[in-house]
Amino acid sequence: MGGAVAGGAAASERAPNGCAADWLFLKKGVWGLAGRRPKRRRCLEMDSTEYLIKVLSRFRIVDFPKLLKSWNFLSARRLQEVNFKETTRKDLILKLAQLCEDNGVTLKQVADLDIIYNCAFPQKKRWNSYQMFRSKGGEEVKLFDFGDFRMTFERNLKMLIRNAMVNILEHGEAVWIRIAWGKRHTPPNQQRASYAVYYPQTPYVFIANLPAQYRVYVSQALVVATEHNVLKEMDLRGHCLDSLRDIAFKRFNPALPTHHRKHLQQLNTNQESDQRITTENLREKEDAKRLTSAAFGEGSLPKLEEVHYRLQTVFKDERNMGILSDRRKPFRCVAKFSSPNILESLRALPALGIADVPISTMFSSIPEKGKNYFKITDKRTVGPNTPGP
Amino acid sequence: MYLHYGIYLVGSEALHLDQLAAAILKENKSFEVNVHLAKRLPLPAENEQTRPRIDLIVFLMDLRSQHSVETVKASLPYVDVNFFLGKVCFLAVGGKAVKHQSVEMYTLKQLADSYSSPLISAELESPDRRCVTARRLLQLLKVAAGLVPGVSALALSSLIRP
Numbered sequence: 011m012g013g014a015v016a017g018g019a020a021a022s023e024r025a026p027n028g029c030a031a032d033w034l035f036l037k038k039g040v041w042g043l044a045g046r047r048p049k050r051r052r053c054l055e056m057d058s059t060e061y062l063i064k065v066l067s068r069f070r071i072v073d074f075p076k077l078l079k080s081w082n083f084l085s086a087r088r089l090q091e092v093n094f095k096e097t098t099r100k101d102l103i104l105k106l107a108q109l110c111e112d113n114g115v116t117l118k119q120v121a122d123l124d125i126i127y128n129c130a131f132p133q134k135k136r137w138n139s140y141q142m143f144r145s146k147g148g149e150e151v152k153l154f155d156f157g158d159f160r161m162t163f164e165r166n167l168k169m170l171i172r173n174a175m176v177n178i179l180e181h182g183e184a185v186w187i188r189i190a191w192g193k194r195h196t197p198p199n200q201q202r203a204s205y206a207v208y209y210p211q212t213p214y215v216f217i218a219n220l221p222a223q224y225r226v227y228v229s230q231a232l233v234v235a236t237e238h239n240v241l242k243e244m245d246l247r248g249h250c251l252d253s254l255r256d257i258a259f260k261r262f263n264p265a266l267p268t269h270h271r272k273h274l275q276q277l278n279t280n281q282e283s284d285q286r287i288t289t290e291n292l293r294e295k296e297d298a299k300r301l302t303s304a305a306f307g308e309g310s311l312p313k314l315e316e317v318h319y320r321l322q323t324v325f326k327d328e329r330n331m332g333i334l335s336d337r338r339k340p341f342r343c344v345a346k347f348s349s350p351n352i353l354e355s356l357r358a359l360p361a362l363g364i365a366d367v368p369i370s371t372m373f374s375s376i377p378e379k380g381k382n383y384f385k386i387t388d389k390r391t392v393g394p395n396t397p398g399p
Numbered sequence: 144m145y146l147h148y149g150i151y152l153v154g155s156e157a158l159h160l161d162q163l164a165a166a167i168l169k170e171n172k173s174f175e176v177n178v179h180l181a182k183r184l185p186l187p188a189e190n191e192q193t194r195p196r197i198d199l200i201v202f203l204m205d206l207r208s209q210h211s212v213e214t215v216k217a218s219l220p221y222v223d224v225n226f227f228l229g230k231v232c233f234l235a236v237g238g239k240a241v242k243h244q245s246v247e248m249y250t251l252k253q254l255a256d257s258y259s260s261p262l263i264s265a266e267l268e269s270p271d272r273r274c275v276t277a278r279r280l281l282q283l284l285k286v287a288a289g290l291v292p293g294v295s296a297l298a299l300s301s302l303i304r305p
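Sequence lines, in order, name chains X and Z. Last residue of the first sequence? That's 399 in my numbering, and every number before it is there in order. Last residue of the second sequence? That's 305 in my numbering, and every number before it is there in order.
These aren't lab readings, by the way, just hints derived from the structure by calculation. The reader is advised that the hints may include incorrect statements.
To be verified - Rough simulated footprint, nothing fancy, chain X against chain Z, three-plus residues with beta-carbon under 8 angstroms:
| hint | stretch |
| --- | --- |
| 1 | 148-157 |
| 2 | 160-169 |
| 3 | 179-188 |
Think of the CB as a built atom: it goes at the ideal place given N, C-alpha and C, for glycine as much as any other residue.
Kindly produce the complete structure, drawing on both the sequences and the hints.
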């Protein structure tokens, strides 16, 4: 215990590399006030301790024990020596950084810790979904071997771009890939790393933070490592990785088929406990409820943050005002609905009397179609296009 | 034969009429009240027989939703003229959330004045405010039902007239 305290005191006197102490003071709140991020002059050239402090600064006090344990860099005995509750967060971070530096932590190991943090909090990133296709008549699918995949992916990516740092970890049923990109004469930028989550034995990958210029490298490395031919973007984006996965795998509660609809009605008859309150439009209400359950299902819906409709429809003049009724060219406009949980809000609309039942299929088919970016044109074509309203 | 007085709350479901109804029943201590909740008028024909007398009709309008105002406006023609002599009341909900308002209070006041009925501002979010509103409505109901000696609905409405 005494050794750890002395180590901590030494760390605060001699802040590693000089800039670490600055970063601790420049925490998120202060940046928010200034409104600008500090210039990235020295940040590109980061050493492991500086980056470790950056990563640790995002942790809350309650997160430390669990995440450090799964990182497995500091042995359990050493972790016990650190008292997570007593010191302030700043001191704790410096102490841990000192401890890790004494044990010779490398940048790659700190990147592992970064992956572990993102595994625990995937909702902080915005994920795009991609699907891979292989040509028909391909060979049988081999059983997934993690070691093989890792080697092939890294090798392929390094062939395409030399100066990148790749970390691959297995977490749950997915493989997490973290890539820090560097240009020819600059070291990899650890703070702007891209993440890819690949589910083995499925053709789905979810990618966050990937600049457009590097997309081709990742897709190339992925399709080669997983024996597919092409990587295509699905129009499905959001913050909740589990929900995106559920939608892609079609793992959510489906809408009830028709012969189950009557069953629901019998369940709702015991509501009015007070005989003196009568609802006049009870039947209407129950009908609305039945239709929404039929459209959306009863169980919990996957969590999406927005639905985006790109309309290219010709103006339809209902009241015959004549001003724009002879315009033949389609209007282009974008309608965006956003909410902390858009599917739940859409499901609640008829009950609140804000929308008419039955809910338009444009909304209720979102989980089934597996996209939240739609394109609506007038022509009746097969595929994701639906006729305009 | 027990006499039940009926109060009708007409408004959209987003306003949680059942909570207000429960508050009314809780506050009521002196006479028998039945509360009926409806989304709009005319009332559906199926419950014709079991309806008690209508003593007070309260139209609830949400300042945050133009739709609720339109529904009430469409329901008003279905009310018999005699009700407007003190048996109809308008309730404006949502006055506190100024940022979300899309209807002006002035519009509602004009509507209420055109029907010679009082407009009450109410907030139904918290149980306390619901209690207060329930008490006011009960008082109006008492007068409208003729339970307050010396004051008739017509007399009260003439006092409130602008």
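Against the structure, the hints:
Beta-carbon proximity to chain X at under 8 angstroms applies to 3 residues in the stretch 148-157 of chain Z; the threshold of 3 is reached and the given coverage holds. With 4 residues having a Cβ less than 8 angstroms from any Cβ of chain X, the stretch 160-169 of chain Z passes the three-residue criterion, so the hint holds. For the stretch 179-188 of chain Z, the stated coverage by chain X is satisfied: 7 residues place a CB nearer than 8 angstroms to a CB of that chain, which reaches the threshold of 3.
Comparing the model with each numbered hint stated earlier shows that all of them hold.
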